[in-house]
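Each chain, letter by letter, is given below.
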Amino acid sequence: MKTGSHLETLLGRGEFVATAELGPPKSADLQLIKQKASILRGFVDAVNITDNQTAIVRVSSIAAGKIAFDEGLEPIIQMTCRDRNRLAIQSDLLGAYVLGLRNLLCLSGDHQSFGNHPHAKNVYDLDSIQLVQVLKGMRDEKIFECGEEIRNSKKSDILEPRMFLGVAANPFADPFEFRVIRLAKKIKAGADFVQTQCIFDLPKFKQWMQMVVDQGLHEKVHLLAGVMPIKSYRVLQYMKNNVAGMSIPDDLIQRMKGAEEPKAEGVEVCCEMIRQLREIPGIHGVHIMAVEWEEIVPAIVQKAGLSPRPQIQ
Amino acid sequence: MIIAEQKEISEIIEMIGDHKKVLVIGCNTCVTVCLSGGAKEAAILASALRLAFRVRGKQVEIEETSIERQCELEFVDTLSSAIKDKELLVSMGCGIGVQTIAERFNHLLVVPALNTNFLGLPEKQGVWVERCQACGQCVLDKTGGICPISRCSKSLLNGPCGGSQDGKCEINKEIDCGWHLIYERLKALGRLEFLAEIMPIKKWSTSRDGGPRKVVREDMWL
Chain A
618 MKTGSHLETL
628 LGRGEFVATA
638 ELGPPKSADL
648 QLIKQKASIL
658 RGFVDAVNIT
668 DNQTAIVRVS
678 SIAAGKIAFD
688 EGLEPIIQMT
698 CRDRNRLAIQ
708 SDLLGAYVLG
718 LRNLLCLSGD
728 HQSFGNHPHA
738 KNVYDLDSIQ
748 LVQVLKGMRD
758 EKIFECGEEI
768 RNSKKSDILE
778 PRMFLGVAAN
788 PFADPFEFRV
798 IRLAKKIKAG
808 ADFVQTQCIF
818 DLPKFKQWMQ
828 MVVDQGLHEK
838 VHLLAGVMPI
848 KSYRVLQYMK
858 NNVAGMSIPD
868 DLIQRMKGAE
878 EPKAEGVEVC
888 CEMIRQLREI
898 PGIHGVHIMA
908 VEWEEIVPAI
918 VQKAGLSPRP
928 QIQ
Chain B
-2 MIIAEQKEIS
8 EIIEMIGDHK
18 KVLVIGCNTC
28 VTVCLSGGAK
38 EAAILASALR
48 LAFRVRGKQV
58 EIEETSIERQ
68 CELEFVDTLS
78 SAIKDKELLV
88 SMGCGIGVQT
98 IAERFNHLLV
108 VPALNTNFLG
118 LPEKQGVWVE
128 RCQACGQCVL
138 DKTGGICPIS
148 RCSKSLLNGP
158 CGGSQDGKCE
168 INKEIDCGWH
178 LIYERLKALG
188 RLEFLAEIMP
198 IKKWSTSRDG
208 GPRKVVREDM
218 WL
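If you read the sequences in order, they're chains A and B. Position 84 of the first sequence, counted from 1, bears residue number 701 in our numbering, the numbering being contiguous throughout. Position 97 of the second sequence, counted from 1, bears residue number 94 in our numbering, the numbering being contiguous throughout.
Hints were generated in silico from the structure; no laboratory data involved. Fair warning: there could be bad hints in the mix.
Claimed, not checked - Among chain A residues calculated to face chain B with C-beta under 8 Å, some are: (1) Leu743; (2) Ile746; (3) Gln747; (4) Glu762; (5) Gly764; (6) Asn787; (7) Ala790; (8) Asp791; (9) Phe795; (10) Lys857; (11) Gly862; (12) Pro866.
Claimed, not checked - Pulled from the structure, derived: some chain A residues nowhere near chain B, Cβ distances all over 12 Å: (13) Phe686; (14) Asp709; (15) Glu758; (16) Val852.
Claimed, not checked - Pairwise CB distance ranges, derived in the manner of DEER restraints: (17) Gly117(B) x Leu704(A): 26 to 34 Å; (18) Ala737(A) x Arg210(B): 23 to 31 Å; (19) Ala193(B) x Pro735(A): 32 to 40 Å; (20) Leu219(B) x Pro735(A): 32 to 40 Å; (21) Thr203(B) x Ala737(A): 18 to 26 Å.
Remember, predicted model here, so these are calculated numbers, not experimental data. Just so it is clear, CB atoms sit at the ideal spot from N, CA and C, and this is done for glycine as well.
Please work from the sequences and hints to get the whole structure.
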C-alpha cells in the first residue's frame, strides 16, 4: 500500500470498483455539497470532486472534498494545472493530505476561454504529466519539486503527503494513435489509476483498449472506464457538435430520439455500457459521470449489478 | 518579427486630448512589414486625425514622420529637431518603439497608436500568426521545429491534451492543435520516439516569470 486510500485497497484486492462525480456548487452552498454526498454515500467506492470544471468558478475541490469526506465519502480530489503554479499545487496537496484526503486526479484542465472568466490569465506552469511526476516525487522520494526534503527543519521528521494518484485518458481525442503513447507517459510519470473520458463509442474504445493491452499497460495501472447517463438525445447532439474529443455514434442518438421515456432509456443505455465494459479484459472499474444528475447514480449502480459495494473491515 | 495592429482612432483621439502640437511617428521595420505602423500608415493616421479634429472644430497641428527603427537610439536621435516644438508624440512603433522614444525624450508624453500583438509571421496576405513567446529556453529541437509554448493554448510540454480533435484545438475550431502538428511532423520525420519521452518541467524563470530580462555579453563590450 502506497497510501491509506480506500480506493487503492479495493483495487489492490482486485475488486471491480465504481466511482462517481460530485460537482461543487457555484455559490457558498454547504447544504448542496452535503445533499449530493448523502445521495452517493454507500453506492460508490470513491467520488471525484471536480475542480472548477469547464473553467467556471465553484467551491474549491479540496474544501468540497473535505465536506464529502466528513459525510462518509472517499473523495478523489481533481486538480488542474490551469489555475495553480507549482507552489500552489504542492501547498494544496499538503493541505488536502492533512485534511485526510488520499486520492488525487491530475488534469490539464479545460481552457479558461470556456468558462465564466474568459479573460483570466492561465497558469500551466506544469502540464498534467509533470503534475503526476511532482506529486509522485513528494510521496515516494519525499521531496518537493525543487528537490528539498519535505520537513519543517533539518532536525524535524520528514512528513510527506501520500496520495493515490490518478490521471485522465481520452481514447477518443486525436491523434488516435498517440493516445496510447500518452497513457504510457502518464503511467511512466507515476499514475496509479486512470479514469477515461465517457464512452459512447464502444468499438472505438475496444480498439484503444486492445492497444493498451498489447503494450501491457493494463498491468501497470488500474483502468476505470468512464460512462455518462444522458437525459435526452439533445445532450448527445450537443456534445457531438460542441465538445472536442468526443465520439458519439449516430445510432445512439436515434435510439434516444425514439425513446418514449428518454431518462429511463438513458439509464438503460448507461447500464448496458457498464455491463459490456466489465467484460473487457483490463478494465478494473467504472467511473459514472452523472453531470448535475447525481441522484441517478444509485439507480445505475443497482441496475448495472454493481450493488452492494464491498466494505473494508 | 513583431506583429502589431492599430488602435481604434477614437482611442487615439482620446489619448491626444487637448494637446495642440502632435507628431505621429512611424517605424520602417516590423510594423511596416505587417502594414500597421510604417510611413504610409503614419501619413494615413495623421490625415485622419487632422480631419477628425477639424470636424470637432479643434485647432490641432498634426505632423508626421517616420524613422528606420524606433527600437534603436541612433535612429530615435534623428527625431531631435522634429520633436522640438511638439507637446505630444504618437508612436506607431511596437511597445518597444514607444518606450525607446519615451526614454530618449523623457520631457514629452509619448502615447501608443498600436497594440503590440505577438512575435510571428504573415501566413498569407492580411493574416498574421504567432510563432514564439520568447520563453528564453528553446525546445524546438524536440518538437520537430513547431513551438508548443506558443502554439498550444495551454503551452503544454507533453501534449496534446484530451481536447484535440480533427487537428484542431478545443478552444476554437479555427486554431490548429499545436501538438497535433508536432505529432504529424515527427511522424513524417520518423522521429515519433521523441514523444515517448517525458519533457521535463520547464524553468519559466528564463521567461517573463523571472522578472524583466536582460542579455549581457561582455565579449561585445567596447
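Do the hints match the structure? See the list:
1. Leu743: Check passed: Cβ of Leu743(A) comes within 6 Å of chain B, closer than 8 Å.
2. Ile746: The hint holds - Ile746(A) has a Cβ within 8 Å of chain B, the shortest such distance being about 4 Å.
3. Gln747: holds (5 Å)
4. Glu762: holds (7 Å)
5. Gly764: Violated, about 12 Å.
6. Asn787: Hint on Asn787(A): holds, closest Cβ of chain B at ~3 Å, below 8 Å.
7. Ala790: Holds, about 5 Å.
8. Asp791: It holds, given that the least Cβ distance between Asp791(A) and chain B is near 5 Å, below 8 Å.
9. Phe795: Status holds, d = 5 Å.
10. Lys857: Not OK, violated: Lys857(A) not within 8 Å of chain B, min 11 Å.
11. Gly862: Because about 5 Å separates Gly862(A) from the closest Cβ in chain B, which is inside the 8 Å limit, the hint holds.
12. Pro866: Constraint on Pro866(A) not satisfied, violated at 16 Å.
13. Phe686: holds (27 Å)
14. Asp709: holds (17 Å)
15. Glu758: holds (14 Å)
16. Val852: holds (18 Å)
17. Gly117(B) x Leu704(A): 26 to 34 Å: holds (31 Å)
18. Ala737(A) x Arg210(B): 23 to 31 Å: holds (24 Å)
19. Ala193(B) x Pro735(A): 32 to 40 Å: holds (34 Å)
20. Leu219(B) x Pro735(A): 32 to 40 Å: violated (49 Å)
21. Thr203(B) x Ala737(A): 18 to 26 Å: This hint holds: roughly 24 Å between Cβ atoms.
Hint violations for this structure: numbers 5, 10, 12, 20, all remaining hints satisfied.
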